[in-house]
Structures are given as C-alpha cells and as structure tokens.
Amino acid sequence: MMTQFIVRRVLYMIPTLIAISIVTFLIIQAPPGDYLTTVVAKLEAEGAYVDRSQLDALRERYGLDDPLWSQYWTWISGIVTEGDFGRSLVYDAPVADVIQDRMGFTILLSLSTLAFVWAVAIPIGMYSAVKRYSIGDYAATFVGFLGLAIPNFLFALVLLYVSHRYFGQSVGGLFSPEYEDARWNLGKLLDLLAHVWIPVIIIGTAGTAGMIRIVRANLLDELNRPYVTTARAKGLPERRLLVRYPSRIAASPIVSTIGWLLPSLISAEIIVSVVLSLPTTGPVMLKALESQDMYLAGGFLLILSVLTVIGTLISDILLARLDPRIRYGKR
Amino acid sequence: MNGMTATGTAVLDTPGGNQSEAGTVGHWKLVWRRFRRHKLAMVSGGVLLVIYLVAVFAEFIAPYGASTRFGDHQYAPPQIIRPIDTTDGFDLGMFADGYQVEVNEESQRRTMSTDPSQTRELGFFVQGEEYELFGLIPMDRHLIGPKDPEQPVFVLGTDRLGRDMLSRIVHGTRISMSIGLVGVAASMVLGIIIGGASGYFGGAVDTAAQRVIEFIMSIPTLPLWMTLAAALPQDWGPLMKYFAITVILSMIGWTELARVVRGRFLALREEDFVEAARLDNCGTFRIMHKYMLPSFTSHIIAALTLAIPAMILAETALSFLGLGLQPPAVSWGVLLNEAQNVRSLVAAPWLLIPGIPVVIAVLALNFVGDGLRDAADPYN
Chain E
1 MMTQFIVRRV
11 LYMIPTLIAI
21 SIVTFLIIQA
31 PPGDYLTTVV
41 AKLEAEGAYV
51 DRSQLDALRE
61 RYGLDDPLWS
71 QYWTWISGIV
81 TEGDFGRSLV
91 YDAPVADVIQ
101 DRMGFTILLS
111 LSTLAFVWAV
121 AIPIGMYSAV
131 KRYSIGDYAA
141 TFVGFLGLAI
151 PNFLFALVLL
161 YVSHRYFGQS
171 VGGLFSPEYE
181 DARWNLGKLL
191 DLLAHVWIPV
201 IIIGTAGTAG
211 MIRIVRANLL
221 DELNRPYVTT
231 ARAKGLPERR
241 LLVRYPSRIA
251 ASPIVSTIGW
261 LLPSLISAEI
271 IVSVVLSLPT
281 TGPVMLKALE
291 SQDMYLAGGF
301 LLILSVLTVI
311 GTLISDILLA
321 RLDPRIRYGK
331 R
Chain L
1001 MNGMTATGTA
1011 VLDTPGGNQS
1021 EAGTVGHWKL
1031 VWRRFRRHKL
1041 AMVSGGVLLV
1051 IYLVAVFAEF
1061 IAPYGASTRF
1071 GDHQYAPPQI
1081 IRPIDTTDGF
1091 DLGMFADGYQ
1101 VEVNEESQRR
1111 TMSTDPSQTR
1121 ELGFFVQGEE
1131 YELFGLIPMD
1141 RHLIGPKDPE
1151 QPVFVLGTDR
1161 LGRDMLSRIV
1171 HGTRISMSIG
1181 LVGVAASMVL
1191 GIIIGGASGY
1201 FGGAVDTAAQ
1211 RVIEFIMSIP
1221 TLPLWMTLAA
1231 ALPQDWGPLM
1241 KYFAITVILS
1251 MIGWTELARV
1261 VRGRFLALRE
1271 EDFVEAARLD
1281 NCGTFRIMHK
1291 YMLPSFTSHI
1301 IAALTLAIPA
1311 MILAETALSF
1321 LGLGLQPPAV
1331 SWGVLLNEAQ
1341 NVRSLVAAPW
1351 LLIPGIPVVI
1361 AVLALNFVGD
1371 GLRDAADPYN
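Residue numbers (the working numbering), protein chains in the order written: chain E, 1 to 331; chain L, 1001 to 1380.
No lab work stands behind these hints: they were computed from the structure.
All figures in this text were calculated on a predicted structure; none of them were measured in a lab.
Be a bit skeptical, because a hint or two may be false.
Here are the simulated lysine-lysine pairs, DSS-like style, with alpha carbons at most 27 angstroms apart [what the hints assert, rightly or not]:
1) LYS131/E with LYS287/E
2) LYS1029/L with LYS1039/L
3) LYS131/E with LYS1029/L
4) LYS1029/L with LYS1290/L
5) LYS1241/L with LYS287/E
Isolated chain E, as found in the complex (with noise of 0.2 angstroms):
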C-alpha cells in the first residue's frame, strides 16, 4: 500500500516538474531581445571584453536561432542528460558550477531553520494551546503577530546595526575571516556552528509565528474531544495524556505544512542572505537578476522549485506514514 502510494506521489511530481521547467524557461526568455545581445551590450558597457568566437559557439550551443519550443528542448535536455544549465556569462562559468557552490548551504541554511521552527512553535503552540488565555498565551500570541507583521530583512537590518553598533562586531557571513577559504575541518564546523544561528533565528521568526497559531489551534481542536475526556476519566495523568493522544493527531497537519513552510523558508532565506552577506545562493541570484544574466537566474529558480517540490514529496510520505486515512486515498 505505502509503495503504491509513493509510487504514485512520484508520477503526480512529474506534470509539475514539467510545469516549473517551462516556467522558467519562459521567464529566461521574457526579457526583450535576444538574450545574449543583453549580457553583450551590458558587458561592453561595463568595458569588458567579450569574445566573439565563444559568443557564436554559444548561439550555435542555445540554437538561440531557433523557434522556442526547441530552444527549450535544447535546454532542459542540456539539464537532464548532462547537468549543463548554460553558462553564466557575468561570473564567466558554468551555471552548474556556480550554483553547486552556493546550493549547499542554502540547504544547510533551510533545514536547519526548519529544525529550529519546529523546535520553538511546536512548544510553545502547545503550551498556548493548554494554558489557553494565560499570560504565557497571549504572550506567545502577542510575539507570533510581531514575528509575521516584521520583515525579516528588517529584523536581519536591526540586528546588524545592533551587533555593530554595541558589540563592535558584525554578525554577516556564516564563517570568520580566518576560517572562510580554509579546508574543512573541526575548527570550521565549530565556527559555521558559532555563526550560523544567527541567519537560522532571523529567518525562522515568521515561519515560527505561523506555526504556533497552527499548533495552537489544532490541539484546541482535539483537546474538546470525547476521547480527551474520556481518556481524563479513566485517571490518566494530564501530560502524559496530553503526549499520547491528542498531540499525536495535532501533528499531522504540522508535518503537512512543510508544503508551505519550505518555500516561505526558501524565500526568506534568499533576502536575509542578500543583508548577511551569506554564502548562499540569494546574493549571487540577486547579483544574476540585476545584470539580467538569466540563465544563472532561470537556474537557481528551476533548481529552489524542484528542491521545494521533492521536500513537499517527503512531508506527504512521511504523512501517509503518519495518518494511514491518506495512504488509502481519503482525506
């Protein structure tokens, strides 16, 4: 049963890879005029020399002189078969290779700010969720409307002037100056680990504030059953009845959020990394967009989509483990 049902989670992706495939390729191609005269004009612009030889290999390579729909055949085959996503022609290198550099971090940075958001709302959702009109509650309620009302480049802003202003020093990049180009090694993971709270606390705040009003308001949900009641009845100590039932059945929804919760991470993390100056892939796509480089865009956006589309097929496996009503296909 739980095969079939991945099995057939997988064929549902594949219409939606396709559609994000030429997405984006369409937004490759919106910018007026032929894609190589922009980079070329701007190139020259900026008075840097652009070979010709390599610029008639690349039209020859892009079939930029064909009609659209091979252009695009050209391309995501490219991006299939041999991982070639075209070149960037601002960093003078293979998309691939500047994006490979970045994309690891932003996965590090994702799933550890996911961690953290689970970690901080699931608590405290919960705690709201029983103590409900306490203090703590309102609270908590309170500091979830802040975390959504407050962007998070702002808050990344606030903190950086802060950081500089009273502790002279600044909280930007994920690694000290000394440690930046060196080998992996334990001294660089302890710094990585020394820096990157930082980035994970600004990006998760929203997702944080989000969730605890979904963890709130899915245990007040099931905290009215007959079967909390009854389960109270029969003399069972109040946390560990709380633990047993109803928290097992408020969690599944907390793991279908990852659907949305991915990409809002995703797109935070993109703007706080252009403020921290982080590693990641935001600056670079930043720097690709402002210089209409759209290859090295097109790439970054196809690959975040399809990350977030494999990490939204994860949260619906682990569901269907979870909740056995959605393995048989009723919801």
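Following the hints, position chain L against chain E.
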C-alpha cells in the same frame, strides 16, 4: 412561465444577505455588531483609517516634497519636538534645535548634529512648498512644518541627499498602501472566477484548478517574484512598473483567495436556497452571482483584508532588493533600500524608520482581517 420565474426570483433575490423580516436585524448590521466587540480590530481599524488618510492627503501632511533636497543637511539626525522653550523667556509651542556640522579631524568626515543653542519653531498649517492637492488644487499650506522656511526641521532626520525622512515616509504611504489594494483587487477577480468555477462545477474543473493552485504554491514566491520583476523591461516608467509589479504580485496572490471561495462554494452548493433557485430554472451564472456570492461576501472581504499585508510585505521586500519600484518612485521599501549596507546604517540608523510604518500597517491589517473573519459568520 416567464412571469412565474420572474416573481419566483424576485422573492428569492435576497437570500442570506438581507432577511428583512419585521423585528430581525440585517446581515451587515449583525456583522458590524460582532466586529465591534473585537476591541483590537476596532483600534486597528482606526489606525488603518489614519494611514489611508495620510496616503490621500500626503502632500498636505508632509512638511516638504518627497524629493526636496536640503544640500547642507545631509544625514541630519532625528530630534524630538519640545512643547516648551526657555532659551528666550518662557514660550509654549513646538520647538526644535538647530543643526551644526562637525568635521572629524582624522577622517575628514562631516557629521551633522543638533545644536541646542539654536531654536527653530514649528507650527500647524504653515506656509511652505507649493503643491497641487490631488493634482488639482494649488496650495502651499502644510499640516506641520517650520514657521520659517529658511530654518528647516527634520523630525525623523534626513538621508544621504538631505531629503526629509518624515516627508518621504508620508509620501511613500501612498504607493505602499495602494499597491496592496490594487494587487488584492486584481487577485480577487482571478480568485473568485477560478475558485468559484472550481467549487461550483467540481469534477475535472476542480481537479485542474487545484493542480494549478498547488503548483503555484509549491514555487518559492520570492525567487519567482524577483525573477519576474527583473525580467521587466528596464525602460518602463514608474507608473508602468507599478502596475507590472502589482500584476506580478497578484498572479501568485490569488491562490489563497481561490481556496476560500472554493470552500464556501462547496459548502453552499448543497444549501436549500441554492437548490430552490436551480429548480426555478435559474441560470448557473445567475445562481452564483445573485444567490451564492452575496451570502459569503463578508467571508471574501475578510480573506481580502488578510491578503493585503502579504502584498505590502512583498512589495517592500522587492523594492528593498532594488528589483521592485525604482526611485524617483517613493515607497517604504524604496526608502529601506537606502539602508542596505552596514556603513550607511551605522552612519544613519534612522534610515530604518520606514520599517516602522510597514510593521504597523501589516499588524493593523492582520487584526482587522481576523476581526472580520470572526464577524463574517455572525449567526453562531
């Protein structure tokens, strides 16, 4: 037969919306009564009203124009207005300090600071820069400003080019607050049509619409917005850019609304009054438009209100990154763009002040939206 249908619908034309039997209260009155009980939402409603008034009368409320430069007042710090002045006897009114320039010997950097030995007086309805209210009525009065135009006062400081932050924030209100409204209006059309069709017809239409919605929701929004915004032709004017950004925001923003509408349609489809209208040989469009829509207009309004903050935040983020609106257009995000690097942030932390109205507006809209959602169904 035709006559029968006409009378039939005439009676049925006021379902849910206004059951005006003697002694009962109308739907909207009930909604309003329920909404009024929500204290936070009421206060937030007041705050929103003030913000939108500021947006409408921006030229009058701001002491100066949005791009007026005071070349000799770059990075002037903010200051607090005193109600009492004792430098020359005892005076009541609104007073502020003058400004002085200090030159750092080492770095040769000029920094502005306030000079307590000077006093500048402010007043209400003072004469200042000339402008045209609503682009029609020529005026030169400003709600608040320095009594002597030669002695400017910058309550929230100035930026790198010596432009008054307060004035710029006030002018920015117009774009920041309207982009949410326009964007939501655009996504409302899409959301109601697609969500309505999806919920009413069900079956294949529903499946297709749901797939599209799931697809859009699965793409990380900010990268998509950024890429779309960057793909806009760079020679478009501010107004074109404004509408293009709105369209981009609403292209993704409609999904949530479509879900709400679909859910309501699914619930209402089986209701007796809809069945009755169908038996009366009422057309599909007429049933949707005349019978179903009015009975959940309040739900739609609540969902719309809750959709505005996301639009405002999105515009702010895009403009902050420099991909949204460009100067000379002024929005809160464009203003925050000035604060992007640490150096200017340390030199002038007041460049972050435009973030405060963003937070206030988003909070207020959220509270009002929550209040409306609770009030939308006043019957239970």
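Each hint, compared with the structure:
1. LYS131/E with LYS287/E: Answer violated: LYS131/E to LYS287/E is near 48 angstroms, above 27 angstroms.
2. LYS1029/L with LYS1039/L: Between LYS1029/L and LYS1039/L the Cα gap is close to 17 angstroms, so the pair holds against 27 angstroms.
3. LYS131/E with LYS1029/L: violated, 34 angstroms
4. LYS1029/L with LYS1290/L: holds, 20 angstroms
5. LYS1241/L with LYS287/E: Given pair LYS1241/L, LYS287/E holds - Cα atoms ~20 angstroms apart, limit 27 angstroms.
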